[in-house]
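J.: Could you put together the complete structure from these sequences and hints?
Chains as they are written, first to last, in my numbering: chain S, 1165 to 1296; chain R, 1165 to 1296; chain B, 1165 to 1296; chain A, 1165 to 1296; chain H, 1165 to 1296; chain Y, 1165 to 1296.
It should be emphasised that the hints constitute simulated quantities derived from the structure, not laboratory data.
All of these numbers come straight from a predicted model, not from anything done at the bench.
In this text, a Cβ means the ideal position worked out from N, Cα and C, and glycines have one as well.
Certain hints may be false.
Stated by the list, open to error - In silico DSS-like pairs for lysine-lysine, Cα to Cα no more than 30 Å straight-line:
(1) H/Lys1217 with Y/Lys1217
(2) S/Lys1217 with S/Lys1184
(3) R/Lys1217 with A/Lys1217
(4) S/Lys1217 with B/Lys1184
What the hints assert, rightly or not - Going by beta-carbon spacing under 10 Å, a handful of chain S positions derived as facing chain R:
(5) Glu1178
(6) Phe1182
(7) Leu1204
(8) Val1216
(9) Val1262
(10) Val1276
Stated by the list, open to error - Restraint-style ranges between C-beta atoms, simulated for each label pair:
(11) R/Asp1251 with A/Arg1250: 27 to 33 Å
(12) H/Arg1185 with R/Asn1249: 52 to 58 Å
(13) R/Leu1191 with B/Asn1249: 36 to 42 Å
(14) H/Ala1203 with Y/Ser1284: 33 to 39 Å
(15) R/Asp1286 with S/Gln1196: 49 to 55 Å
(16) A/Asn1249 with S/Glu1188: 58 to 64 Å
(17) B/Arg1210 with A/Arg1199: 26 to 32 Å
(18) R/Arg1177 with H/Asp1194: 27 to 33 Å
(19) R/Asp1194 with B/Arg1250: 45 to 51 Å
(20) H/Ser1284 with R/Asp1194: 49 to 55 Å
(21) Y/Glu1188 with A/Arg1199: 41 to 47 Å
(22) H/Arg1177 with S/Arg1199: 29 to 35 Å
As a plain string of letters, each chain reads:
Protein chains: 6
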Amino acid sequence: MSGGGNDGGDRVREFGDFRKRMNERILAEDNQVVRRFFALDTQTYRAGALDVKTKELLGLVASMVLRCDDCIAYHVGQCREAGVNRDEFFEAFSVALVVGGSIVIPHLRRAVDFLDRLESGDAVPAGHATHD
Amino acid sequence: MSGGGNDGGDRVREFGDFRKRMNERILAEDNQVVRRFFALDTQTYRAGALDVKTKELLGLVASMVLRCDDCIAYHVGQCREAGVNRDEFFEAFSVALVVGGSIVIPHLRRAVDFLDRLESGDAVPAGHATHD
Amino acid sequence: MSGGGNDGGDRVREFGDFRKRMNERILAEDNQVVRRFFALDTQTYRAGALDVKTKELLGLVASMVLRCDDCIAYHVGQCREAGVNRDEFFEAFSVALVVGGSIVIPHLRRAVDFLDRLESGDAVPAGHATHD
Amino acid sequence: MSGGGNDGGDRVREFGDFRKRMNERILAEDNQVVRRFFALDTQTYRAGALDVKTKELLGLVASMVLRCDDCIAYHVGQCREAGVNRDEFFEAFSVALVVGGSIVIPHLRRAVDFLDRLESGDAVPAGHATHD
Amino acid sequence: MSGGGNDGGDRVREFGDFRKRMNERILAEDNQVVRRFFALDTQTYRAGALDVKTKELLGLVASMVLRCDDCIAYHVGQCREAGVNRDEFFEAFSVALVVGGSIVIPHLRRAVDFLDRLESGDAVPAGHATHD
Amino acid sequence: MSGGGNDGGDRVREFGDFRKRMNERILAEDNQVVRRFFALDTQTYRAGALDVKTKELLGLVASMVLRCDDCIAYHVGQCREAGVNRDEFFEAFSVALVVGGSIVIPHLRRAVDFLDRLESGDAVPAGHATHD
Chain S
1165 MSGGGNDGGD
1175 RVREFGDFRK
1185 RMNERILAED
1195 NQVVRRFFAL
1205 DTQTYRAGAL
1215 DVKTKELLGL
1225 VASMVLRCDD
1235 CIAYHVGQCR
1245 EAGVNRDEFF
1255 EAFSVALVVG
1265 GSIVIPHLRR
1275 AVDFLDRLES
1285 GDAVPAGHAT
1295 HD
Chain R
1165 MSGGGNDGGD
1175 RVREFGDFRK
1185 RMNERILAED
1195 NQVVRRFFAL
1205 DTQTYRAGAL
1215 DVKTKELLGL
1225 VASMVLRCDD
1235 CIAYHVGQCR
1245 EAGVNRDEFF
1255 EAFSVALVVG
1265 GSIVIPHLRR
1275 AVDFLDRLES
1285 GDAVPAGHAT
1295 HD
Chain B
1165 MSGGGNDGGD
1175 RVREFGDFRK
1185 RMNERILAED
1195 NQVVRRFFAL
1205 DTQTYRAGAL
1215 DVKTKELLGL
1225 VASMVLRCDD
1235 CIAYHVGQCR
1245 EAGVNRDEFF
1255 EAFSVALVVG
1265 GSIVIPHLRR
1275 AVDFLDRLES
1285 GDAVPAGHAT
1295 HD
Chain A
1165 MSGGGNDGGD
1175 RVREFGDFRK
1185 RMNERILAED
1195 NQVVRRFFAL
1205 DTQTYRAGAL
1215 DVKTKELLGL
1225 VASMVLRCDD
1235 CIAYHVGQCR
1245 EAGVNRDEFF
1255 EAFSVALVVG
1265 GSIVIPHLRR
1275 AVDFLDRLES
1285 GDAVPAGHAT
1295 HD
Chain H
1165 MSGGGNDGGD
1175 RVREFGDFRK
1185 RMNERILAED
1195 NQVVRRFFAL
1205 DTQTYRAGAL
1215 DVKTKELLGL
1225 VASMVLRCDD
1235 CIAYHVGQCR
1245 EAGVNRDEFF
1255 EAFSVALVVG
1265 GSIVIPHLRR
1275 AVDFLDRLES
1285 GDAVPAGHAT
1295 HD
Chain Y
1165 MSGGGNDGGD
1175 RVREFGDFRK
1185 RMNERILAED
1195 NQVVRRFFAL
1205 DTQTYRAGAL
1215 DVKTKELLGL
1225 VASMVLRCDD
1235 CIAYHVGQCR
1245 EAGVNRDEFF
1255 EAFSVALVVG
1265 GSIVIPHLRR
1275 AVDFLDRLES
1285 GDAVPAGHAT
1295 HD
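T.: Here it is as structure tokens:
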């Protein structure tokens, strides 16, 4: 039983603080490959031939089939900001579920819980500076 | 250090409640693919040419090599209800360990801890309605 | 060195025949779970809240980060039929590459090779009946 | 398009020869960890609290969700020797498919093709000495 | 949002106790395959043609690309004891990040947090007897 | 049975040509994220706090546990150029085998086969320009 999802808003905020603090700590380190990777990661989701909404949906489904809760929460937040509505979320979820199998279900539960919190105002999406 | 396993019975119950609540929420959504997937998932473990015990063992080992603690806990509970004894559990664990490697060990620890709780009555297996 | 990608058009056709033949063989079997899964898989990519093009792009990126060449080739074909252009393909590829890492590169090479063949008319996309 | 499955009996035999030759070469090397791992791998599938048939089915499903064609072919052969019939094979396949998702389908096609060859006498299962 | 990393020293100690207790429980079980696997796992990281430091770095990077927080924390501790300095850690992290992709980032954050705790004396590395 | 490994020197050369050609084709495309990723990938393995030999061994073990034959062949070649000897190769292989499990064995066979070819002069390592 991995912890997660079934936590209150406090835990969501605590996680956001942790992510922000560790990202700063990692980027303060003198390692150019790591820094460039973080910059590239941010660049990946900028509008181009595909719009931000589509790219964030791609990031979300990739995170779901690879089963990374932190990445899923990040992209759920970004998708919502890009205008993805609930029906669209569930269609993206359904692709992840069918491609990735029942092993995705626990992550789907936590994704839906996080989406519920965002919609109810109980959680805030992660900031833009550095992500995943 | 992923949270999990080393939690008391309260956390086990809290997780069970979370799963039940989120499953209901997911199935209340108007997405036929997701609903059908959940129904298919339940159907998969029904007795057929292979009995329930064997199928649940297959689900357990699949969950272990894919390293999903929630799925492992679910199938440990189902296996126990289907009559899998401790020696059989450890032989199934040994297949998962050898096929999946030392990366499975942290999940093995949490699986054994969950099994211990089930045997001592400190945890109850998840319900049947919807699973994983 | 996994075989693949660097094969001529003959091998592409041979693979298409193999897939078609085996799908028929699998669906002829009296196993309802397997048959329903195949039906659900087809249903997943139908237009809904998200259009077919977006859903196929989701399937493509999911297949790339999970590193399945057959699935990638299938979705490259479907994406092309849904009107995905070369710039859009490369942006989807870039999401898969950044999320999934350099381990995706060999599959990217084979994906681009397959796309080149489709554009030059050397390969035909897989049929619609049953897929992946 | 990964090569495999859609090969004739010659390729199956060629692969069997390659595996046998490389296993001998690996075990001739003076590395105790590797040798012990191979011995442990063989020991894992011996009859104990669970019979050989169940253990081989566990190995098969684990190999399918981890998507390793060579391992799948090996365990299909071992399962068949242990008396697994076609209906039982398809129920094991269905567990792997539902747990692992549509990404398993290309491996399912090659598994069924290999099983067909075994049943028709076109392929012989791998030897017992060392496996996977 | 998987729990982990953003916990205080209490949680680190709690996890260490859990691991020790469960390892003892697992090794007390009469299953020779599991016991031999644990022994082999310990043997793997002993000095040989490669020194302990290099082997622990290999274990660390393998754990990062497979995304197992417990294994990462274990190997970060072992690497530190073997004399890996902060610059070397970040170069190993950079290999894991580039090979494994942005999906590794949440684990990188927790690895750096754990390393920070070790350096500040807030956490102690896991013992030698049995690991991962 | 994935094709690979058990191919003659012709196939090795054919693969090298394919990789070179496709890398050129990918880098000719006007997609900055993809190009930067390729540049970053090359930069990752340059000498720094860790020497090239150690970094290539890290890349090799990461590729083995993620089970990518092309990446394994690439890093086996680079490791050999960096002076890794046969005993060191097998110790790196043993870490990958124990961490990743028996599912790594088919890739180990192909890695040893490729190493044998390099040592006998039957194969040449991939070029330096762009890799994986």
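J.: All the hints need checking, so say for each whether the structure fits it.
T.: Right, here's what the structure says about each hint:
1. H/Lys1217 with Y/Lys1217: holds (13 Å)
2. S/Lys1217 with S/Lys1184: Within the cut-off at roughly 23 Å; holds.
3. R/Lys1217 with A/Lys1217: OK: R/Lys1217 and A/Lys1217 at ~13 Å, within 30 Å.
4. S/Lys1217 with B/Lys1184: violated (35 Å)
5. Glu1178: violated (12 Å)
6. Phe1182: With a minimum Cβ separation of about 13 Å from chain R (threshold 10 Å), the hint on S/Phe1182 is violated.
7. Leu1204: violated (27 Å)
8. Val1216: Status violated, d = 24 Å.
9. Val1262: holds (6 Å)
10. Val1276: Holds. Min distance 6 Å.
11. R/Asp1251 with A/Arg1250: 27 to 33 Å: At roughly 30 Å between Cβ atoms, A/Arg1250 and R/Asp1251 fall inside 27 to 33 Å, so the hint holds.
12. H/Arg1185 with R/Asn1249: 52 to 58 Å: Taking Cβ atoms as reference, H/Arg1185 and R/Asn1249 lie about 23 Å apart, which means the hint is violated.
13. R/Leu1191 with B/Asn1249: 36 to 42 Å: holds (38 Å)
14. H/Ala1203 with Y/Ser1284: 33 to 39 Å: Distance hint for H/Ala1203, Y/Ser1284 holds at roughly 36 Å.
15. R/Asp1286 with S/Gln1196: 49 to 55 Å: holds (50 Å)
16. A/Asn1249 with S/Glu1188: 58 to 64 Å: holds (60 Å)
17. B/Arg1210 with A/Arg1199: 26 to 32 Å: Given a distance of about 53 Å, which is not inside 26 to 32 Å, the answer is violated.
18. R/Arg1177 with H/Asp1194: 27 to 33 Å: holds (31 Å)
19. R/Asp1194 with B/Arg1250: 45 to 51 Å: violated (36 Å)
20. H/Ser1284 with R/Asp1194: 49 to 55 Å: holds (51 Å)
21. Y/Glu1188 with A/Arg1199: 41 to 47 Å: holds (43 Å)
22. H/Arg1177 with S/Arg1199: 29 to 35 Å: holds (33 Å)
Hints 4, 5, 6, 7, 8, 12, 17, 19 from the earlier list are contradicted by this structure; the remaining hints agree with it.
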